[in-house]
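Dock chain H against the given chain Z, drawing on the hints supplied.
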Amino acid sequence: MKKENVIRTMLFIFFIILSFLILLPFYAVAIAAFKPGEDLIRYGLNLRFDLSVMTFDNFNYLFTGSHAYFSWFYNSIVLTVVQVALTLIVSATVAYGFAAYEFRGKNLLFICVLLIMMVPFEILLLPLYTLTFNLGLMNSYSAIILPGIANAATIFFFRQYLRGVPKEIILAGRVDGASEYGIYARLILPIMKPSFAAMAILNGMNSWNNFLWPFMVLSSDKKYTLPIGLKTLLTPYGNNYDLLIVGSFFSILPIFILFLVFQKYFIDGMTAGAVKG
Amino acid sequence: MIKKFLYSQKVAPYVFVLPFIIIFVVFWVYPLANSFEMSFQKVTLGQEADWVGVDNYTKLMGDSIFLKSVYNSAIYMILTLIVLIPFPMLFAVLINNKFMWGRGFFKSTFFFPALTSVVVAGTIFRLMFGEMEGSMINNILGFFGVEPMKFLKGQVTGYIALLSLATWRWTGVNMLYFLSGLKNIPDEYYEAASIDGASAFQKFTRITMPLLKPTTIYVLTISIYAGLSMFIESMMLWNGNNSPKNIGLTIVGYLYRQGIEKNNLGYAAAVGIVLLVITMVINLTQLSFSGMFKKED
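Going down the list, the protein sequences come from chains Z and H.
Residues in the first sequence are numbered from 41 upward in steps of one, following the working numbering.
Residues in the second sequence are numbered from 586 upward in steps of one, following the working numbering.
Check before you lean on any hint, since a few could be wrong.
What the hints assert, rightly or not - Straight line, CA to CA, 27 angstroms or less: simulated DSSO-like cross-link-like pairs of lysine-lysine: (1) Lys-304/Z with Lys-653/H; (2) Lys-233/Z with Lys-768/H; (3) Lys-798/H with Lys-304/Z; (4) Lys-692/H with Lys-304/Z; (5) Lys-146/Z with Lys-692/H; (6) Lys-588/H with Lys-207/Z; (7) Lys-146/Z with Lys-589/H; (8) Lys-788/H with Lys-42/Z; (9) Lys-627/H with Lys-146/Z; (10) Lys-788/H with Lys-43/Z; (11) Lys-262/Z with Lys-847/H; (12) Lys-653/H with Lys-847/H; (13) Lys-263/Z with Lys-847/H; (14) Lys-588/H with Lys-627/H; (15) Lys-692/H with Lys-798/H; (16) Lys-304/Z with Lys-768/H; (17) Lys-683/H with Lys-43/Z; (18) Lys-233/Z with Lys-692/H; (19) Lys-627/H with Lys-768/H; (20) Lys-43/Z with Lys-692/H; (21) Lys-207/Z with Lys-589/H.
To be verified - Taking CB as the label site, the calculated pair distances span: (22) Gly-222/Z with Leu-675/H: 48 to 54 angstroms; (23) Ala-108/Z with Glu-732/H: 54 to 60 angstroms; (24) Phe-161/Z with Glu-732/H: 38 to 44 angstroms.
Unchecked claim - In silico contact screen, one side only, chain H against chain Z (beta carbon under 8 angstroms); selected entries: (25) Pro-604; (26) Ile-608; (27) Pro-616; (28) Ser-620; (29) Leu-645; (30) Met-646; (31) Ser-720; (32) Met-721; (33) Leu-726; (34) Gly-730; (35) Phe-816; (36) Gly-844; (37) Ala-853.
Honestly, the hints are just simulated from the structure, not real lab data.
Ideal Cβ positions, reconstructed from N, Cα and C, are used throughout, including at glycine.
Just chain H, same shape as in the assembly:
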């Protein structure tokens, strides 16, 4: 009887998707609801929680260290968007050219850094940006007559180190996204444009860029997400969650500091909810501006 029920065509689809329903409820809906609830409480691990209303949120708005972390994450996100969208797009277009030599080799080389874990990549960059005269970046700068710098102790130079790490790791990956987008553009468009006497630049702005739009939106969406939720890169560069004057502190870093290091779970949950709201607002605005919610024509 039970077997017959489970084997019917009506019930089978639910059996197939059941694992997802369970995981979604247990590991997403429940924690998310829990996080929302905690953000209105004062909680420490293993103890009764006290309701404090919107206290956590009002406190956050006046918390200069939290605001600093939001600022850092925002700057980091903007910098990565400026570097990691136009350049990979340009490189992809150049490398996609059939007359280009060594395309496979360059694709692989650009992708290599993405294979390293953040821990390893972060360690490498921390040592490269070391403050000694002999460490790699200072060494190279010295070659051009620049005095050795303490990169990880200053705000601007700290951003440079973070951005270099992100650029190194993700240029190749974003380039691959654009390359796979380029594959979907028919050659005939370019041939037709050539017959009409279009220049290479005109082909790029009139054909390539508009037709790459879905890929660009995708890369933009994941970059916003990744930029705002960055944490371990900073943790590795500064060898922990503490940087001088919090120059490397990110939103998730602050969440981690409050929640795990200080066991201040309610306050940290509020940080998480703010991060969620910021991410959703930016991405939904971006997606609606780029026309993703409009009906396809």
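Same shape as in the complex, but just chain Z:
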């Protein structure tokens, strides 16, 4: 065999082993979903594939039991869709303002956008918590949606994208007598479509998996999102492993399928910030 082929084969085997290690936890969860809850309590999560103990009980319980799992699921979908739609449209509008015009205070404002990306959100938890409390927005979705509606990373991405759009389009729009807002709505927004896909995926993924802030704001079981609901299954008095494990399994599934279909957009959205502008 040629030396090049030996190296190639060795690299391939090396990456296969790594992939195998990465996939092991998924495998463990997938088989645990078919094991009785007490098996998890007694042995923990493991790789043992034993057909004799495997049942559909957990799935049965998930689909027929008296628990709020599917309302959490529904809440997560609604919240994600609304949050993504609002964030994208608001952020795109702001980004267009930054990309298309020269105006006083523009640089200062843009530095503020970059600053948001550098301040850990976690230090705002308490003041936002008291603010939410004082505004009477506790246990509401608006408290979750509003702070991130002009999302810095999304604004940044849209602005980079818009810098590649020729200014002549705007000028042509003006010559044809369109208003500034008409130009944005009818000429620019359609051009931005491809960038919307990447940001929709990235924001959607973050929103679907978001935990800490919603966890602090939401207090009623009915309003819980999926991650919070799953977290409440773990209590100091005992853990609902049978529901937890099969519930976790189903919570990964939608985003997994989305990833397989829209891989390119996941990766574009994810790496958007890293590319030098």
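Here is chain H on its own, set in the frame of chain Z:
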């Protein structure tokens, strides 16, 4: 009249960026200022605040649990930097090779863990690192003749569990950053180097690494940020904000404990300000050392 004003070319840009100004002021400037103010007060939710000067800060400096949380966060950050920058970079370079088989497959597989929420991933890892003989990690170690361990009860093994979780979730993402950085390096550089007789290692150290520098700085910056503000990973691994001898307590965990669990808002705000200062100092130092503030040549 108003319509004409709003529609003028001078006013339109402000209308476009207005949502940002509002959000920035209401949800960033105000809370940040508020946090700063609270850090000099004794506050409980819904009650009048008392000014206490720098008391919160002096108390923090002598608070051994707080210092422990800073130590934990710092160690966690350093460990993630050591693992999550060189390895993803190396993997990206290897996988970027055109002769490599199954590149798309490996890219996807490495990315999969990032799709899971921290809650789910944390739960999975807690169960994997369970103390029973039969739980996954002990099971695998047993295969090599190692006695079962209580991972989440010891300091070092606790860090191992946290680091494994971080490595599992972020290797693929950082690899993607490096892959997108590699795309910007022209093939001609490597061809020229080959003609000059450069070895693969020389190409890596002389061409790839220097040209990946902007990406590396980016990954370094976000990793420092993420490492220092880590909280939920620990919360999930230890099923709550309490771990034996606080081995898993992080700065944000302490902020949460003081602010939300104990309703000691002023003291917690001081924790937040310290976190902000630490993050900014480390990142600004790092950025100035790597020459980000110098004029581009």
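A quick look at each hint next to the structure:
no.: 1; hint: Lys-304/Z with Lys-653/H; verdict: violated (42 angstroms)
no.: 2; hint: Lys-233/Z with Lys-768/H; verdict: holds (24 angstroms)
no.: 3; hint: Lys-798/H with Lys-304/Z; verdict: holds (24 angstroms)
no.: 4; hint: Lys-692/H with Lys-304/Z; verdict: holds (11 angstroms)
no.: 5; hint: Lys-146/Z with Lys-692/H; verdict: violated (39 angstroms)
no.: 6; hint: Lys-588/H with Lys-207/Z; verdict: holds (25 angstroms)
no.: 7; hint: Lys-146/Z with Lys-589/H; verdict: holds (23 angstroms)
no.: 8; hint: Lys-788/H with Lys-42/Z; verdict: holds (22 angstroms)
no.: 9; hint: Lys-627/H with Lys-146/Z; verdict: violated (38 angstroms)
no.: 10; hint: Lys-788/H with Lys-43/Z; verdict: holds (19 angstroms)
no.: 11; hint: Lys-262/Z with Lys-847/H; verdict: holds (26 angstroms)
no.: 12; hint: Lys-653/H with Lys-847/H; verdict: holds (18 angstroms)
no.: 13; hint: Lys-263/Z with Lys-847/H; verdict: holds (25 angstroms)
no.: 14; hint: Lys-588/H with Lys-627/H; verdict: violated (49 angstroms)
no.: 15; hint: Lys-692/H with Lys-798/H; verdict: holds (22 angstroms)
no.: 16; hint: Lys-304/Z with Lys-768/H; verdict: holds (15 angstroms)
no.: 17; hint: Lys-683/H with Lys-43/Z; verdict: holds (16 angstroms)
no.: 18; hint: Lys-233/Z with Lys-692/H; verdict: holds (26 angstroms)
no.: 19; hint: Lys-627/H with Lys-768/H; verdict: violated (53 angstroms)
no.: 20; hint: Lys-43/Z with Lys-692/H; verdict: holds (25 angstroms)
no.: 21; hint: Lys-207/Z with Lys-589/H; verdict: holds (23 angstroms)
no.: 22; hint: Gly-222/Z with Leu-675/H: 48 to 54 angstroms; verdict: holds (51 angstroms)
no.: 23; hint: Ala-108/Z with Glu-732/H: 54 to 60 angstroms; verdict: violated (42 angstroms)
no.: 24; hint: Phe-161/Z with Glu-732/H: 38 to 44 angstroms; verdict: holds (42 angstroms)
no.: 25; hint: Pro-604; verdict: holds (5 angstroms)
no.: 26; hint: Ile-608; verdict: holds (4 angstroms)
no.: 27; hint: Pro-616; verdict: holds (3 angstroms)
no.: 28; hint: Ser-620; verdict: holds (5 angstroms)
no.: 29; hint: Leu-645; verdict: violated (14 angstroms)
no.: 30; hint: Met-646; verdict: violated (18 angstroms)
no.: 31; hint: Ser-720; verdict: holds (3 angstroms)
no.: 32; hint: Met-721; verdict: holds (5 angstroms)
no.: 33; hint: Leu-726; verdict: violated (12 angstroms)
no.: 34; hint: Gly-730; verdict: violated (18 angstroms)
no.: 35; hint: Phe-816; verdict: holds (7 angstroms)
no.: 36; hint: Gly-844; verdict: holds (5 angstroms)
no.: 37; hint: Ala-853; verdict: holds (6 angstroms)
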